[in-house]
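A.B. asks: So you can see what is in the structure, the chains are spelled out below.
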Amino acid sequence: MVSGIERPLDLLNKARGKEILVQLKNDKQLVGTLLAFDIHINVVMDNAKEIENNAHKRNIGLTFLRGDTIIFISPSTVSAEEKQ
Amino acid sequence: MVSGIERPLDLLNKARGKEILVQLKNDKQLVGTLLAFDIHINVVMDNAKEIENNAHKRNIGLTFLRGDTIIFISPSTVSAEEKQ
Amino acid sequence: MVSGIERPLDLLNKARGKEILVQLKNDKQLVGTLLAFDIHINVVMDNAKEIENNAHKRNIGLTFLRGDTIIFISPSTVSAEEKQ
Amino acid sequence: MVSGIERPLDLLNKARGKEILVQLKNDKQLVGTLLAFDIHINVVMDNAKEIENNAHKRNIGLTFLRGDTIIFISPSTVSAEEKQ
Amino acid sequence: MVSGIERPLDLLNKARGKEILVQLKNDKQLVGTLLAFDIHINVVMDNAKEIENNAHKRNIGLTFLRGDTIIFISPSTVSAEEKQ
Amino acid sequence: MVSGIERPLDLLNKARGKEILVQLKNDKQLVGTLLAFDIHINVVMDNAKEIENNAHKRNIGLTFLRGDTIIFISPSTVSAEEKQ
Amino acid sequence: MVSGIERPLDLLNKARGKEILVQLKNDKQLVGTLLAFDIHINVVMDNAKEIENNAHKRNIGLTFLRGDTIIFISPSTVSAEEKQ
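Going down the list, the protein sequences come from chains A, B, C, D, E, F and G. Numbered by the working numbering, the letters in the first sequence go through residues 7 to 90 in order. Numbered by the working numbering, the letters in the second sequence go through residues 7 to 90 in order. Numbered by the working numbering, the letters in the third sequence go through residues 7 to 90 in order. Numbered by the working numbering, the letters in the fourth sequence go through residues 7 to 90 in order. Numbered by the working numbering, the letters in the fifth sequence go through residues 7 to 90 in order. Numbered by the working numbering, the letters in the sixth sequence go through residues 7 to 90 in order. Numbered by the working numbering, the letters in the seventh sequence go through residues 7 to 90 in order.
Just chain A, with the same shape it has in the complex (with noise of 0.2 Å):
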């Protein structure tokens, strides 16, 4: 059971420094390290990496993302890391 969230940004507080995987609207997906998110779920990723059809697309490195393009931010790590 993963402790320590009641709200849905106490997640993406958690996952601070560790590797996320956002999902797009537009059907792409950007991996890499979440440093900053703020109320409107924009966030910003280091080393952030595009990926298209399961494939590696191109290196975008440090990126700011608009909340509203986003679907979904899995940052798995945590999820393995939280649970017992």
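Accuracy of the hints is not assured; some may be wrong.
As the list claims (entries may be wrong) - No farther apart than 30 Å at their CA atoms in a straight line, the calculated lysine-lysine pairs in the DSSO-like style are these:
no.	chain 1	residue 1	chain 2	residue 2
1	A	K55	A	K31
2	A	K24	G	K55
3	B	K31	F	K31
4	G	K20	G	K31
5	E	K55	F	K24
6	C	K24	D	K24
7	E	K34	B	K31
8	B	K24	C	K34
9	F	K24	F	K34
10	D	K20	D	K55
11	A	K34	A	K63
12	G	K20	F	K34
13	F	K20	G	K31
14	A	K24	A	K34
15	A	K63	A	K24
16	A	K55	A	K20
17	D	K63	B	K31
18	G	K31	E	K34
19	E	K63	F	K55
20	C	K63	C	K34
21	G	K31	G	K55
22	C	K20	D	K31
23	F	K63	G	K24
By construction, these hints were calculated from the structure, which means they are not laboratory data.
Place chains B, C, D, E, F and G on chain A using the hints.
C.D. replies: What follows is chains B, C, D, E, F and G alone, placed relative to chain A:
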């Protein structure tokens, strides 16, 4: 008859910790355990699985999902539990 | 003539506990019993069934539906009851 | 010339209880009697009929229609009545 | 040069009672007389005619048009009058 | 280097009375003289011309353009003037 | 590791005066120098060039870009500078 649902968010409150089916606007579905939600209907799900055309597509684990991508959330087990 | 509907939400208020047809923007429809709604037209329906091209598609039971996915809500039985 | 329309909602106010044609963003139309509206242009229509490609498609009776699905509302009979 | 237009709505104010061309997001156009508008750019037009592919399609008469369906409003006759 | 642009609207302020190119979300462009704008990026242009696929399509003259239809506004002559 | 980015807009603040790549929702990209931005992520770029399918398409120079058309902004040179 279902009792104790005066406002729509009451249903989501009852569904915390239970399995939900989330129908997305992009024709995909997520199933998983509802951990948290807010007034924008942003949700956090645990053990989330993405489903497309009734087939399991990928495991995305612990996930933050933006509310504006959602059509409906169906916490089936609440339905069964609460009805007599 | 229908009486007692001064504001649009008055109709939804009269329809609580009754069958409604919800036309969605994605060309599907939900039918079920209206349990609750809010000013965003988020609704909770019980015994909801999804319909596409006039055919029953799946049962989704007790469901939270986001208001921004809705075109119209038609509580047919209110229409019949209230008119003389 | 039409008198007494200083603000757009004045026209909807004059059209209460009268027949209106509602053009929807999905290329369909609703015709029926306007019972109520609010500042979001949510409307309640009675005896609403859905029309597509100039053909009657289905009766939906007493209906709540979300304002954000509407292109225009044309209360034709107000036009005729008010002009001299 | 056009005088007296400090803010965009000043143009709509000058165009009251005059012919306007409204380009809609759905590729259709409405022409008619501007009677009223508000800050959402909702407008009321009289004697409105719908035009598609440069051909007259239907008369819709006195009409309430939602602002969020509009691309531009061109009150051509104001342009001619105000310029020297 | 361009001076005096601290906030995005400063550029639009400098472009008043000058030629602008407006790229619309519908893949068309408008060129004309910027007369006025507001915080929604609603703009009024004079002598506006619609361009599609690099070809002049129609003159629309003095025009009110809704901000939510715009991708970018490029006041080319400001660029040339202000740079050294 | 990137330092000094607590909130997403901090990245845009660091990127002022530097080259950015802007990915637009319409599948095109703009590259140029970031001059200014606001909380809506409206930006002003200098020497902006439009790119489509990895090919240079046109120079648009000094440009105001609406924030709601943006997917991400990648100030690549900030990434390189700030990391050790």
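A.B. asks: Hints first: check each against the structure and report whether it holds.
C.D. replies: These are the hints, each one checked on the structure:
In summary, the hint linking K55 (chain A) to K31 (chain A) is supported, as the alpha carbons are separated by about 16 Å, within the 30 Å threshold. Restraint check for K24 (chain A) and K55 (chain G): not satisfied, since their Cα atoms lie roughly 34 Å apart, outside the 30 Å limit. For the suggested pair K31 (chain B) and K31 (chain F), the alpha carbons sit about 22 Å apart, so the restraint of at most 30 Å is met. Among the hinted pairs, K20 (chain G) with K31 (chain G) is consistent with the structure: their alpha-carbon atoms are about 24 Å apart, no more than 30 Å.
For the proposed pair K55 (chain E) and K24 (chain F), the alpha carbon gap of about 34 Å is over 30 Å, so the pair is violated. Our distance criterion of 30 Å between C-alpha atoms is met by K24 (chain C) and K24 (chain D), whose separation comes to about 27 Å. Taken as a hint, the K34 (chain E) and K31 (chain B) pair is honoured in the structure, with Cα atoms around 27 Å apart against an allowance of 30 Å. Distance check on the hinted pair: K24 (chain B) and K34 (chain C) sit about 26 Å apart at the alpha-carbon level, within 30 Å; holds.
Straight-line distance between C-alpha atoms of K24 (chain F) and K34 (chain F) comes to about 20 Å, which keeps the hinted pair within the 30 Å bound. Among the hinted pairs, K20 (chain D) with K55 (chain D) is consistent with the structure: their alpha-carbon atoms are about 21 Å apart, no more than 30 Å. Simply put, K34 (chain A) and K63 (chain A) have alpha-carbon atoms about 10 Å apart, close enough for the 30 Å limit, and the pair holds. Restraint check for K20 (chain G) and K34 (chain F): not satisfied, since their Cα atoms lie roughly 34 Å apart, outside the 30 Å limit.
Pair hint K20 (chain F) plus K31 (chain G) holds up; C-alpha atoms about 27 Å apart against a cutoff of 30 Å. The suggested pairing of K24 (chain A) with K34 (chain A) holds, with an alpha-carbon distance near 20 Å, which does not exceed 30 Å. For the hint linking K63 (chain A) to K24 (chain A), the alpha-carbon distance of about 21 Å falls within 30 Å, and the restraint holds. With a CA separation close to 21 Å, the supplied pair K55 (chain A) and K20 (chain A) stays within the 30 Å bound.
Between K63 (chain D) and K31 (chain B) the alpha-carbon distance is near 26 Å, which keeps this suggested pair within the 30 Å criterion. Restraint check for K31 (chain G) and K34 (chain E): satisfied, since their Cα atoms lie roughly 24 Å apart, inside the 30 Å limit. As the CA atoms of K63 (chain E) and K55 (chain F) are separated by approximately 24 Å, the hinted pair is consistent with the 30 Å bound. Between the alpha carbons of K63 (chain C) and K34 (chain C) the distance comes to roughly 10 Å, so the proposed pair stays at or under 30 Å and holds.
For the hint linking K31 (chain G) to K55 (chain G), the alpha-carbon distance of about 16 Å falls within 30 Å, and the restraint holds. The straight-line distance between the Cα atoms of K20 (chain C) and K31 (chain D) is roughly 27 Å, inside the 30 Å bound, and the hint therefore holds. Between K63 (chain F) and K24 (chain G), the direct Cα distance comes to roughly 37 Å. Violation of the 30 Å bound is thereby established for this hinted pair.
When held up to the earlier numbered hints, the structure conflicts with 2, 5, 12, 23 and fits the remainder.
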